[in-house]
Structures are given as C-alpha cells and as structure tokens.
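There are 2 protein chains.
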Amino acid sequence: MNKESKILIVGLGMIGASYAEKLHDSGYFVGGISARESTVSKALGEKIIDCGTTDITKEFVGQFDIVVFAVYPKLFIDWVSRHQECFKSGALITDVTGVKCSVVYQIQEMLRDDVEFIAAHPMAGRECSGIDNRCTKVFEGANYIVTPTKKNTRTAIDTACELGRILGFGRISVISPEEHDEMIAFLSQLTHCIAVSLMCCKDSAHLVDFTGDSFRDLTRIANINENMWPELFAMNKTQLLEQMSLFEKEFSRLKEAIAADDTETVKQMMITSTERRKLFNK
Amino acid sequence: MNKESKILIVGLGMIGASYAEKLHDSGYFVGGISARESTVSKALGEKIIDCGTTDITKEFVGQFDIVVFAVYPKLFIDWVSRHQECFKSGALITDVTGVKCSVVYQIQEMLRDDVEFIAAHPMAGRECSGIDNRCTKVFEGANYIVTPTKKNTRTAIDTACELGRILGFGRISVISPEEHDEMIAFLSQLTHCIAVSLMCCKDSAHLVDFTGDSFRDLTRIANINENMWPELFAMNKTQLLEQMSLFEKEFSRLKEAIAADDTETVKQMMITSTERRKLFNK
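Residue numbers (numbering that gives the first Met the number 0), protein chains in the order written: chain H, 0 to 281; chain L, 0 to 281.
In isolation and in its complexed conformation, chain H is listed as follows (with noise of 0.2 Å):
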C-alpha cells in the first residue's frame, strides 16, 4: 500500500462512508459503490469520494488497488461470488464485518486465486446509520482488528494493519478468525441480548423517572440496528449460544444463592466481580 494505491469502498453506510472519507482525507484516490443513488451523489457532493457508481461493472471496479466491503456480511459474500470477476489482478479485498469464521472461510475458499481476501474488524460503532451520521472520530482510540487465516501473506496483513493506521484506530490487533468471534460473541453480541432482553421484561414507561445511571448504562446498546445484528447472531450463531449459555448458568448460580440466602456465594460473587472488572477501568 502507498500514496498511489486506489481504494474503492463497497457500501457507503455509516462505517464506509467515514472510512470514504477519512482515507479522502489522507490523500488516496477513493472510489465508492452504493445501491442508491442519492447516497453516490452525496458521496461525490461532500468530496468524501472521487469516482462513485451505483453499478457493479469490471470497468469501474477494476481500476482499484484495495477494495473494502462495508455491508452487511451475507450481501458481501453474494456480492463476491456474484462479480468477483470485476476485481483487478492482484487486488486485496477486505472488510469491516464484525463476525469472521462464517465470512472469511467462505470468501478465501471462493475467490480468484491472483486476487487475497484479509479480514478486518473495525470495533467501532454506533447506534446510528447511513452516510449523513458518519464519523472519522469513532476510530480515535478504538481497535481494529485483522483476522488472517493461513492463506493469508504477511504483505497482506502488513497491508491491512496499515489501513488500521491511517484510518487513525488507536490499537491493531492480529488474531485468528476463532478468537476474534469468541471475544465478539462474549464482549459484544452476549452483552446486546442481556440490554434487549431486559428491556423487553416489561413497559418500563413508567419507571423512566426513577431510573438512575445503572439501568441507563445496561440498556444503551439496547436502541439497536434490527436488520443488522441478527443477521450477525446469525452468523456467529454457534459462539453466541455458548457465550449465552455460560452467562445463564453464573446467573442461576446467583439467584440460586440469593433464594437459599447463601449470603457467602453472594459475597464470594461480588468479590470475584469487583476485583475482575478493577482491571477495565479506564
């Protein structure tokens, strides 16, 4: 990757549009694909693009040294096998979907031979969507991770650790598809079902006014995008119900302790989760 490599992102959402924008910034030549076209014009209109198109041609698409997916993980892979023919010889592809067994498997085992797939997972969302809310700031700090499997070179992943960077993220991690979708499933997706399941408990309109920092805190996640993230469950359906399952046998573990006033498990558990969560205070 230098100053010459041509760039062109596939979905210009929340994610791509401020990746559009910010590798804009930096001084690459950036293209972009979206399904609308009023998102292509305003794309081109704010400058955040150079080139931008709402069709898929091998005229356009293969003018591009790096070309990173930023949809919803099933439309990538349709989108591969359905024009993975417009890619340039020798192009990257790479992506921004937050779950990767069920996606980087698949697209390697697909793809052109003279073309390599890196997987990558920004970790930085928000509770809100579509071009008009991107952000170049939400990197700032955050981490961004690559997922390489074995068919992957060191360029490659020396290539995507370096978007990381120019993309401003504040740590790059390397780590196999496994532990990436074992940590998501646990850190991310885990945490999303206990803020929707606890909203869903009941009409809770009517404690909004007595509602204090710790309800607010374990509900935020709970405004969530429901055409994404279960399309994400979906494919990280195998971790979640483990990560799931655990959760629900330390949490009968409490309520059972909590029935029999077994004051001592109780004690012994906000110990344990005290002196745990000591290490993720900021």
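Please note that a few of the clues may not be correct.
To be verified - What follows is a set of in silico ranges between Cβ atoms, one per label pair, in the way DEER data are often shown:
no., chain 1, residue 1, chain 2, residue 2, range
1, L, S251, H, G44, 44 to 52 Å
2, H, E263, L, N280, 33 to 41 Å
3, L, K46, H, L206, 36 to 44 Å
Treat the hints as calculated values from the structure; they're not laboratory data. Please read all numbers here as calculations on a predicted model, not as lab measurements. Positions of the beta carbon are idealized from the N, C-alpha and C atoms, including for glycine.
For this one, chain H is given, so just place chain L on it according to the hints.
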C-alpha cells in the same frame, strides 16, 4: 421542620456524611453518631457536624427533632429495637435504606407511639464508601423517594419531602413501599445481579484490550460493595427473585430464537427494546 430543627445523623459513611455536610452548610444544627471515634473526630474537625459521639445516650440523642439513619438495614432495625427510649418525644425518624417493605413495617410496628418513622430512599450511591468519599453533588438531579404507609401523618410526609429539597435532590416522589421495592428490584438490584454474573462468567483479563463501551457500560456496577448488597438483596428477596425470573424468561426467549434461526422473533425483540429505550435517553 424549620431552621431551629436539630438533626441527628446516625452513621457517618458516604451517604450519612454527605447528608451532614449539606445540612450543616444549609445552617442546621447537626449531630452525628458513628461507631468509630476516628470518624466522629474527622466529622467534627472538618466541621460537617456541630456535635458527635460514639455513645448512644438519651442525653445526646434526646436533643434532636429529626433523626436520620444512614446505616445498613439490619443495624438500623437493631438500633431502634435497643435504643428507642433515647428518642425525644415527638421526634421524626427517617432513613436512607435502599429496601423498604422489610424495614418500614417492622420499624413502625415496634416504634414508640410518640415518635414517627417516615421512610425515604435517596437514590444517590457511589461505588465507594466512607466519610472521605462524601459528596453533596451526588444529590443534584438525583431521585429522593418517600415511601409512607397508612400510619404516617401528612406532616411527616411533608417534612421528609422538605428534607429531600434541602439536600438538593432533583426530583422528590412519594410512592408506596411496595411500589418502591418492585421498582428497585428491577431497575437497580437486577442490573447489579446481571453485571456481577457477567464478570463471573470468565477470567476476562485477556479481553481487556478488546473491550469496547458495551462491556464497560454493562459491568461498571460490577464494582460492588460486597458487605451491603447481599443484605439489600436478602431484604428484598421475593421481589428480586421475581424480577430475576422475568429477565431469565426473556433472555431464554431470545436464546431459543437465535438457536432456532427464528430471525423474526430476534428482530421483534430488538424493535421493542429500541422503542422502549428511547424514553430513557437523557
């Protein structure tokens, strides 16, 4: 309650000392009782009380018109049962306890006829304890809840509300002990149980570097006082277990939907949670 009212704070921990400081600064004559000599000395030295002692005598306690108990619930009940002869005739007793039904009725039942107990709960905690962590700012914008029973007089309810206003609370509410306990079980105790269980799931030290805001938000309250909370859980056990079961049911509904690839249910739960959460945006 008027400017001449003498106020005694029993227990000079984080909340008790904050009460003392705010009331003293507001011009009231404030007394303090603590089990520790060093705490009394500090409270006197830092001028948050006008007089203080570790000895519970009729001579000392009997001079106060209002007595605020800022101690753990069991100690509060024990104190009243052993020392209620010390109260001045006509005194008004109030508290800061986070559970109500298991405290209010017991205290009112045993209390002398010439003394009235009006229960109150200042919803303003911190993750730290002790006189050194006192902070009158935590009351600003916070909820102060008065939970009268049929035994309480209008005057006592009004005085408790006035005390909340003098302390600087943002919102003063009057609800029944039963409504209070259900609300606290759901909004506060259940959320603490979730946070504790989540931290107990696994030794997550290796995940610190990948942790985003969701996990941090959900576990902030996992840093918990293991001496106070088991007592509060035990004293609101029926309500808490009910709210825990409600949550378990919703969590398991979500889990089963994910396991069965029932995207429609997952999506519907997310729509419900997003819709309900909007009310809680500050």
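Hints and how they fare:
1. At roughly 49 Å, the beta-carbon separation of S251(L) and G44(H) lies within the given 44 to 52 Å, and the hint holds.
2. Checked against the given bound of 33 to 41 Å, the beta carbons of E263(H) and N280(L), roughly 40 Å apart, stay inside it.
3. For K46(L) and L206(H), the hinted distance range of 36 to 44 Å is satisfied, since their beta carbons lie about 39 Å from each other.
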